[in-house]
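Chemist: The residues making up each chain are set out below.
2 protein chains.
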Amino acid sequence: MLIAKHQNIIDNAVKANHERTFYAQYPEHPKAYGEEAPAKGETAFKSLLNQPFSRLKQKVIAGWAGEEVSPYTQQPLGITYPVIATDELVKAGRRAGNRWAQLSAAERAGILTETLEKIKDHFFEIAHATMHTTGQSFIMSFQASGPHANDRALEAIAMGYQQLQHFPEHQVWEKPMGKVSVKLEKTFRAIPRGLGLVIGCSTFPVWNSLPGIYADLITGNPVIVKPHPKAVLPIAIVVAAIQQVLEENGQDPYTCQLAADSSEHLITKELCEHPDIALIDYTGSSSFGNYVESLATIGKTVFTEKAGVNSVILDSVKDIDAVLNNLAFSVSLYSGQMCTAPQNFFIPESGVGTPGGKLSFDEVAAKFRDAIIALVNNPKMGAGTLGAVQNDATVQRVKDAQHAGGKVLLSGAPVVNEEFAGARTYSPTVLQVGANDTGIFEKELFGPVILLIKTKDTDHSIALARQMAAHHGAITCGAYTTDDAVKEKIADAMNSVFTPVSFNFTGFIWVNQHAAFSDLHVTGGNPAGNASFTNQEFVVKRFVWVGNRTYMD
Amino acid sequence: MLIAKHQNIIDNAVKANHERTFYAQYPEHPKAYGEEAPAKGETAFKSLLNQPFSRLKQKVIAGWAGEEVSPYTQQPLGITYPVIATDELVKAGRRAGNRWAQLSAAERAGILTETLEKIKDHFFEIAHATMHTTGQSFIMSFQASGPHANDRALEAIAMGYQQLQHFPEHQVWEKPMGKVSVKLEKTFRAIPRGLGLVIGCSTFPVWNSLPGIYADLITGNPVIVKPHPKAVLPIAIVVAAIQQVLEENGQDPYTCQLAADSSEHLITKELCEHPDIALIDYTGSSSFGNYVESLATIGKTVFTEKAGVNSVILDSVKDIDAVLNNLAFSVSLYSGQMCTAPQNFFIPESGVGTPGGKLSFDEVAAKFRDAIIALVNNPKMGAGTLGAVQNDATVQRVKDAQHAGGKVLLSGAPVVNEEFAGARTYSPTVLQVGANDTGIFEKELFGPVILLIKTKDTDHSIALARQMAAHHGAITCGAYTTDDAVKEKIADAMNSVFTPVSFNFTGFIWVNQHAAFSDLHVTGGNPAGNASFTNQEFVVKRFVWVGNRTYMD
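Line by line, the protein sequences give chains A and B.
115 is the number of the first residue of the first sequence in this note's numbering; add one for each residue after it.
115 is the number of the first residue of the second sequence in this note's numbering; add one for each residue after it.
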């Protein structure tokens with residue numbers, strides 16, 4: 115049994131998932147992977163450029179397409195991917211699924227854990243691929259698409275493995291009836307819902323897709339992976355590795371397929387609406403996400419992560435510089451292109467409490483602006499923290515924001531990247547708006563734009579942050595207060611609209627980060643999405659318990 | 115802590131739920147409840163007739179309504195129930211919910227288990243109330259609305275209690291970062307989704323409603339119970355008992371409210387579409403159930419049990435008489451008004467295998483008809499098994515069925531009930547149809563009508579039964595075969611459309627029965643409904659995990 119080899123990894127993951135203590139199966143430090151790995155990975159990445167991607171096991175191909183452009187060089191990667199007709203994808207997926215569903219949860223968990231070990235061998239290659247499609251810095255690319263993504267995949271395996279064993283496979287049920295009894299043999303089967311579809315995004319093509327892919331697979335469903343046409347390579351390397359391990363273990367590699375397409379001929383809706391697609395995982399814009407959610411009415415089980423407007427509530431602090439340095443990093447990290455990045459900063463007009471007395475709104479705003487400028491201009495920090503802007507639409511949004519109606523406290527501008535002269539990099543734009551300017555701050559301004567909103571007091575800040583989350587969704591909320599009663603009030607208000615709160619973060623931890631095995635990512639309770647990495651619901655909706663009974667003489 | 119008092123009951127229920135062995139907290143034998151209980155219960159029931167039902171704690175009342183008629187006497191019960199404006203119900207429910215949500219899962223489990231103990235004291239009263247609203251026999255009324263319903267409620271409490279403890283309430287997360295570490299205090303809260311609505315049916319007003327009511331309550335949601343206006347009393351007694359225990363334990367009795375209405379002014383849709391209703395549980399017709407399911411698009415979390423067409427596949431048997439006696443009972447029990455009752459019997463034209471050789475289709479049909487006639491005419495069995503038909507629409511359906519197009523093998527007719535001369539009781543109608551007559555057998559013919567369908571062979575029977583379940587839904591499937599390969603084929607085919615199979619039932623166990631703590635009721639995977647009593651999904655969709663984090667210096 116394969117599972118024996120990986121039992122320890124899975125048992126630890128199940129335990130960590132329950133306990134929520136710190137746990138990482140895949141270390142986030144590049145150094146943990148050996149001295150030769152970085153150079154080897156870079157070479158492997160470069161060898162993929164300017165040619166068809168040939169590692170996939172999928173063979174019935176209708177054509178080739180590829181349109182990726184590096185946000186660092188603004189040059190095409192020149193890689194093409196096989197384009198496959200939707201009906202072929204579905205047919206092959208269904209056939210593979212019939213076989214995959216026959217395996218026990220333990221057998222599937224074993225093979226899937228082995229795929230993660232295989233993906234690990236490609237971490238550096240995937241990091242370069244992520245960097246040159248998403249614009250993330252190298253270190254973020256490495257961590258987010260490598261160890262962090264693998265850990266979240268393992269978390270989905272562990273949750274599925276456990277929930278699939280909620281009921282026994284076999285049981286004898288004996289009902290006493292006076293002098294006699296009735297005996298039934300009962301079997302409980304977790305029947306997979308059917309073919310899955312995982313729709314990726316252009317900013318986190320691996321991290322956001324792996325939970326859905328592995329949740330589908332552990333519960334016995336075959337899966338089709340539809341990447342964003344501008345960010346295919348990172349997940350293509352992953353899918354190829356999964357296919358290789360499937361084949362090595364006597365399984366059908368079509369159990370996990372890549373469905374590349376092109377901006378000119380997108381196949382996402384065609385796939386979504388195919389009658390044989392039972393499960394859909396989606397990360398991306400709210401408008402397409404709302405379309406995906408509407409497919410529930412035609413019987414699809416859907417899991418979405420859409421957009422939200424994340425708030426920070428500033429009430430009182432122990433050390434204002436430590437707080438604003440932390441927040442300057444949060445808003446600069448990958449140029450605000452994380453779904454967890456804070457956007458709206460609610461600051462009372464009377465200012466923020468500090469050990470030395472109240473610091474006025476204007477003082478806080480000025481210090482915040484200065485902290486951002488210092489970070490951006492720090493040659494060891496700036497370009498590396500900002501990364502690059504993934505696409506021109508985001509650049510345009512940043513430019514438009516300056517005329518959105520707020521007072522421009524800091525105007526975003528191109529930032530020089532020493533390593534890549536052509537990098538599409540912008541410093542954050544900071545606007546000041548009033549509490550009545552909801553037309554400005556109720557929208558997600560994806561990218562490096564933040565809003566400082568002057569409120570009457572902290573209660574007003576809480577009410578606005580809560581209202582934003584309830585009506586427009588929120589994935590995170592940061593809050594700073596030294597008052598336990600205010601803390602409880604913020605937690606209750608934001609939790610009531612299903613938004614988690616991170617309190618008083620300073621130092622080397624940021625509100626943007628959600629750690630595998632401990633933090634849930636998106637709650638599924640507000641308009642930012644209907645699913646959560648990785649709660650019980652994220653896996654149990656992917657299979658159906660069916661109980662058979664046999665009369666025993 | 116209340117929980118101490120009931121910890122043993124809950125622990126046993128959690129264990130039984132996991133293990134799926136036989137378990138009953140509430141014995142199904144009336145004798146287990148003491149010698150005085152039956153007479154006391156009957157007296158209590160009679161004392162409720164012909165007056166307003168005054169036990170509820172709900173006080174802001176807009177009027178009174180009541181229209182129940184006994185299927186046994188065809189006389190009105192003369193009981194009226196408070197009618198309350200929808201906005202009042204919602205307002206009171208929300209207010210109560212704020213308080214209820216503050217309790218721990220253990221505190222809620224304790225109070226809810228105590229409500230079941232209180233309901234137990236009313237089992238005989240509820241039995242009479244069920245009998246004279248639904249038409250069930252006394253013994254079925256006692257078991258289904260009493261111990262069996264309580265056991266399913268306890269099962270929902272146990273599943274919720276366990277799933278709510280999947281993550282710890284508090285945890286310290288310490289991430290090692292070389293020489294230093296980052297420490298966060300993390301809390302995990304299971305936030306209730308919001309106000310629940312449970313919509314009852316006229317045939318199983320308690321058994322079908324308690325799982326939803328208790329799943330809502332254990333997960334911290336207040337609940338409004340909207341009974342069918344023709345079957346209010348049984349669930350009104352239950353809600354009053356729940357309210358009494360809530361109040362005794364310092365809780366708001368409005369945490370569980372009754373929302374009676376009248377056929378002339380139904381408030382179901384008004385409640386369903388109220389923006390503050392978050393959760394809906396529904397049992398009843400497919401047409402209204404499909405409407406309820408469509409409310410998912412406006413953000414409601416819905417759980418449905420609708421109609422299906424249940425099949426029996428006859429391939430080969432050890433003892434044909436034992437099989438047909440078992441099936442005769444299954445189709446006669448409560449006159450086919452159970453959602454689990456078999457309707458379509460697929461029999462090969464070449465006949466059914468027996469130890470003495472093949473028995474032809476006609477021979478099987480004749481024996482089956484004779485077994486039904488013998489049961490119906492047995493003075494100790496007939497009227498008691500059939501019970502009474504709940505309403506005139508079902509009687510009309512039975513009459514219409516004789517002209518549906520099939521060959522009438524047995525024509526249903528009124529049956530005399532010795533105890534109740536006015537009872538609305540009909541014997542089963544048996545029709546023979548061809549495999550091409552899908553227009554006849556693809557519909558649910560709710561009530562005492564069954565169809566014997568002549569197929570080419572068992573493979574053909576399986577294909578038709580599978581097709582019915584996939585397109586029209588199925589809650590149960592019975593199958594008889596002595597061949598292990600055929601057994602596996604039937605199980606795989608029916609399970610693939612998320613339908614459970616009961617094999618070779620004879621003697622004192624029937625396909626209609628789904629036992630708490632062991633059998634799942636409805637799978638949630640085919641058109642018969644989207645939910646299942648009681649799998650993990652049935653409870654985890656009712657709350658949202660939210661994790662807060664605090665930086666620890």
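There's no promise every hint is true.
Repeated chains share a single entry, so a pair holds when one copy, or any two copies, can fit it.
To be verified - Listed next, the in silico DSBU-like pairs over lysine-lysine satisfying Cα-Cα at most 35 Å (straight line):
hint	residue 1	residue 2
1	Lys289	Lys603
2	Lys119	Lys129
3	Lys232	Lys297
4	Lys494	Lys129
5	Lys383	Lys232
6	Lys481	Lys601
7	Lys383	Lys557
8	Lys570	Lys205
9	Lys293	Lys432
10	Lys119	Lys557
11	Lys232	Lys557
12	Lys234	Lys570
13	Lys119	Lys293
14	Lys432	Lys234
15	Lys289	Lys154
No lab work stands behind these hints, which were simulated from the structure alone.
Chemist: How do Lys383 and Lys232 come out at 35 Å by Cα distance, when the copy is not named: within, between, both, or neither?
Modeler: Classified as within: same-chain Cα gap 32 Å, cross-chain 54 Å, threshold 35 Å.
Chemist: As a check of your reading, is Lys234 near Lys570 (CA-CA no more than 35 Å) within one copy, between copies, both or neither?
Modeler: Neither, since 51 Å and 55 Å both go past 35 Å.
Chemist: Between copies, within a copy, both or neither: which fits Lys289 and Lys154 at Cα up to 35 Å?
Modeler: between (64 Å within a copy, 29 Å between copies)
Chemist: Using 35 Å as the alpha carbon limit, work out where Lys119 and Lys557 are close: within a copy, between copies, both or neither.
Modeler: For Lys119 and Lys557, the Cα distance exceeds 35 Å both inside one copy (49 Å) and across copies (52 Å).
Chemist: If the cutoff is 35 Å on CA atoms, where do Lys293 and Lys432 land: within, between, both or neither? Let me know, please.
Modeler: between (74 Å within a copy, 24 Å between copies)
Chemist: I want to check one pair: Lys119 and Lys129. Are their C-alpha atoms no more than 35 Å apart within a copy, between two copies, both, or neither?
Modeler: both (18 Å within a copy, 30 Å between copies)
Chemist: Cα distance capped at 35 Å. Does Lys232 pair with Lys297 within a copy, between copies, both, or neither?
Modeler: Classified as between; 32 Å across copies, 47 Å inside a copy.
Chemist: Should Lys289 paired with Lys603 be assigned to within, between, both, or neither, using CA atoms and 35 Å as the limit?
Modeler: Between copies only: 28 Å across, 52 Å inside.
Chemist: How would you label the pair Lys383, Lys557 (within, between, both, or neither) given a Cα cut-off of 35 Å?
Modeler: both (25 Å within a copy, 33 Å between copies)
Chemist: Please sort Lys570 with Lys205 into within, between, both or neither, judging by C-alpha distance up to 35 Å.
Modeler: Only across copies: Lys570 and Lys205 sit 29 Å apart there, 60 Å inside one copy, limit 35 Å.
Chemist: When no copy is named, should Lys232 and Lys557 be tagged within, between, both, or neither for a Cα gap of at most 35 Å?
Modeler: neither (41 Å within a copy, 52 Å between copies)
Chemist: For the identical chains here, do Lys481 and Lys601 meet the 35 Å Cα criterion within one copy, between copies, both, or neither?
Modeler: within (24 Å within a copy, 74 Å between copies)
Against the hints set out earlier in the document, violations occur for numbers 4, 10, 11, 12 and 14.
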